[in-house]
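Engineer: Got chain U; can you put chains G and B on it based on the hints?
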Amino acid sequence: MVEIISIKTHGQGLYEITERVRQLLVASGVKEGLCSLLIQHTSASLTIQENADPSAQHDLENWLNRLVPEGDAIYTHVFEGRDDMPAHIKAALTATTLSLPVKGGQILLGTWQGIFCWEHRHGSQLRQIAVHIG
Amino acid sequence: MVEIISIKTHGQGLYEITERVRQLLVASGVKEGLCSLLIQHTSASLTIQENADPSAQHDLENWLNRLVPEGDAIYTHVFEGRDDMPAHIKAALTATTLSLPVKGGQILLGTWQGIFCWEHRHGSQLRQIAVHIG
Amino acid sequence: MVEIISIKTHGQGLYEITERVRQLLVASGVKEGLCSLLIQHTSASLTIQENADPSAQHDLENWLNRLVPEGDAIYTHVFEGRDDMPAHIKAALTATTLSLPVKGGQILLGTWQGIFCWEHRHGSQLRQIAVHIG
Numbered sequence: 027m028v029e030i031i032s033i034k035t036h037g038q039g040l041y042e043i044t045e046r047v048r049q050l051l052v053a054s055g056v057k058e059g060l061c062s063l064l065i066q067h068t069s070a071s072l073t074i075q076e077n078a079d080p081s082a083q084h085d086l087e088n089w090l091n092r093l094v095p096e097g098d099a100i101y102t103h104v105f106e107g108r109d110d111m112p113a114h115i116k117a118a119l120t121a122t123t124l125s126l127p128v129k130g131g132q133i134l135l136g137t138w139q140g141i142f143c144w145e146h147r148h149g150s151q152l153r154q155i156a157v158h159i160g
Numbered sequence: 027m028v029e030i031i032s033i034k035t036h037g038q039g040l041y042e043i044t045e046r047v048r049q050l051l052v053a054s055g056v057k058e059g060l061c062s063l064l065i066q067h068t069s070a071s072l073t074i075q076e077n078a079d080p081s082a083q084h085d086l087e088n089w090l091n092r093l094v095p096e097g098d099a100i101y102t103h104v105f106e107g108r109d110d111m112p113a114h115i116k117a118a119l120t121a122t123t124l125s126l127p128v129k130g131g132q133i134l135l136g137t138w139q140g141i142f143c144w145e146h147r148h149g150s151q152l153r154q155i156a157v158h159i160g
Numbered sequence: 027m028v029e030i031i032s033i034k035t036h037g038q039g040l041y042e043i044t045e046r047v048r049q050l051l052v053a054s055g056v057k058e059g060l061c062s063l064l065i066q067h068t069s070a071s072l073t074i075q076e077n078a079d080p081s082a083q084h085d086l087e088n089w090l091n092r093l094v095p096e097g098d099a100i101y102t103h104v105f106e107g108r109d110d111m112p113a114h115i116k117a118a119l120t121a122t123t124l125s126l127p128v129k130g131g132q133i134l135l136g137t138w139q140g141i142f143c144w145e146h147r148h149g150s151q152l153r154q155i156a157v158h159i160g
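Protein sequence lines, in the order shown, are assigned to chains U, G and B.
For the first sequence, the numbering used here assigns the number 27 to the initial residue and increments by one for each residue that follows.
For the second sequence, the numbering used here assigns the number 27 to the initial residue and increments by one for each residue that follows.
For the third sequence, the numbering used here assigns the number 27 to the initial residue and increments by one for each residue that follows.
Careful, some of the hints might be misleading.
[Stated by the list, open to error] Derived DEER-like restraints, expressed as beta-carbon distance ranges: (1) G/Gly97 / U/Asp79: 18 to 24 Å; (2) G/Ile100 / U/Glu106: 24 to 30 Å; (3) B/Gly97 / U/Lys129: 46 to 52 Å; (4) G/Val104 / U/Gly39: 19 to 25 Å; (5) U/Phe105 / G/Arg92: 33 to 39 Å; (6) G/Gln132 / U/Tyr41: 37 to 43 Å; (7) B/Ile100 / G/Gln132: 33 to 39 Å; (8) B/Ala53 / U/Gly149: 38 to 44 Å; (9) U/Ile30 / G/Lys57: 28 to 34 Å; (10) U/Phe105 / B/Leu152: 32 to 38 Å; (11) G/Gly130 / U/Gly39: 40 to 46 Å; (12) U/Thr137 / B/Ser150: 46 to 52 Å.
FYI, nobody ran anything at the bench for these hints, they're computed from the structure.
We put the CB at the ideal spot given by N, CA and C, even for glycine.
Extracted from the complex, chain U is given alone in its bound form (with noise of 0.2 Å):
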């Protein structure tokens, strides 16, 4: 089963989609397989990271965003916007598709661990990951 999962955005941070790719997974009706995702955006990716305490995905998001600042004078991809070239340089240093072993129905994910979209973009954005079961 190939599917999309389409969320909106509204700026950036760790947008949660694991209750989104559980849901697919029980229509799918598959048991034991692969779970395989695709952001088709270069300018967000995806994660797996802790899903207890927020405190880390805010953590995370200001490393990043001060790892890979706006307004950098290497950049001259810049007539999208100021955001637009840090954001792909963030898609290129995350994941842009993940694979996830399916077992007994559920995704094997760690107790802490949840899927994440990752927007790198301020304003809202409509974003769409394929994910494959099989």
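Structural biologist: Relative to chain U, chains G and B alone:
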């Protein structure tokens, strides 16, 4: 087939699991397909790196420790220890899942490639990696 | 189906392989499924990036070269050349494997996404990418 590889780590560094994954592949009987890995933790990660010369792994570890130091004033997520937030960031910058084509009963790694569990914390940890072969 | 894509690189940069992967997909006859890639090297990597504007690729390259410079005193793994250890680090920070959902006989890439081999060394190299389609 979905199995869990458990590995005991004792401090930061790269722990090779190539042989463990190969053993699962042999047990599965799969000759052509895909072998997918997910590490079930957010303070350790997966990487495919050079397995021939330990100095490359040593430099990789030192470089990443310098990029993501402990005690950074930017961190607010500190109650799980000084090495916890850096570990989450390192996990985000490296890989949590891997997908490896299989042919002729072999994982198609390059000559110098090994699969590693990358431990980002100091203490001893039991790390689990879910492996799907199909 | 498992095949190898070979690509000759001539120095650092992004080499688009989207069309090569598409040709394999057509040859496979697979209409719905998963296309997985593994680059068989530890000094080059894979990335999905913007394929429309070369300035984004140029900035990505320059930014990463500044983050991971040659000649860093931290390196001890130096006998394979000044560009070797930075190449391993860059490979660890980017992707070695990718998983791409396929539907309607198409890889479900976004409008502006291309698949690239990211060469991190200066000299000419023959790079091999294992591709599983199933």
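Engineer: Does each hint hold? Answer for all of them.
Structural biologist: Hint by hint, here is what the structure shows:
{"no.": "1", "hint": "G/Gly97 / U/Asp79: 18 to 24 Å", "result": "19 Å, holds"}
{"no.": "2", "hint": "G/Ile100 / U/Glu106: 24 to 30 Å", "result": "27 Å, holds"}
{"no.": "3", "hint": "B/Gly97 / U/Lys129: 46 to 52 Å", "result": "48 Å, holds"}
{"no.": "4", "hint": "G/Val104 / U/Gly39: 19 to 25 Å", "result": "20 Å, holds"}
{"no.": "5", "hint": "U/Phe105 / G/Arg92: 33 to 39 Å", "result": "34 Å, holds"}
{"no.": "6", "hint": "G/Gln132 / U/Tyr41: 37 to 43 Å", "result": "39 Å, holds"}
{"no.": "7", "hint": "B/Ile100 / G/Gln132: 33 to 39 Å", "result": "35 Å, holds"}
{"no.": "8", "hint": "B/Ala53 / U/Gly149: 38 to 44 Å", "result": "41 Å, holds"}
{"no.": "9", "hint": "U/Ile30 / G/Lys57: 28 to 34 Å", "result": "33 Å, holds"}
{"no.": "10", "hint": "U/Phe105 / B/Leu152: 32 to 38 Å", "result": "36 Å, holds"}
{"no.": "11", "hint": "G/Gly130 / U/Gly39: 40 to 46 Å", "result": "45 Å, holds"}
{"no.": "12", "hint": "U/Thr137 / B/Ser150: 46 to 52 Å", "result": "47 Å, holds"}
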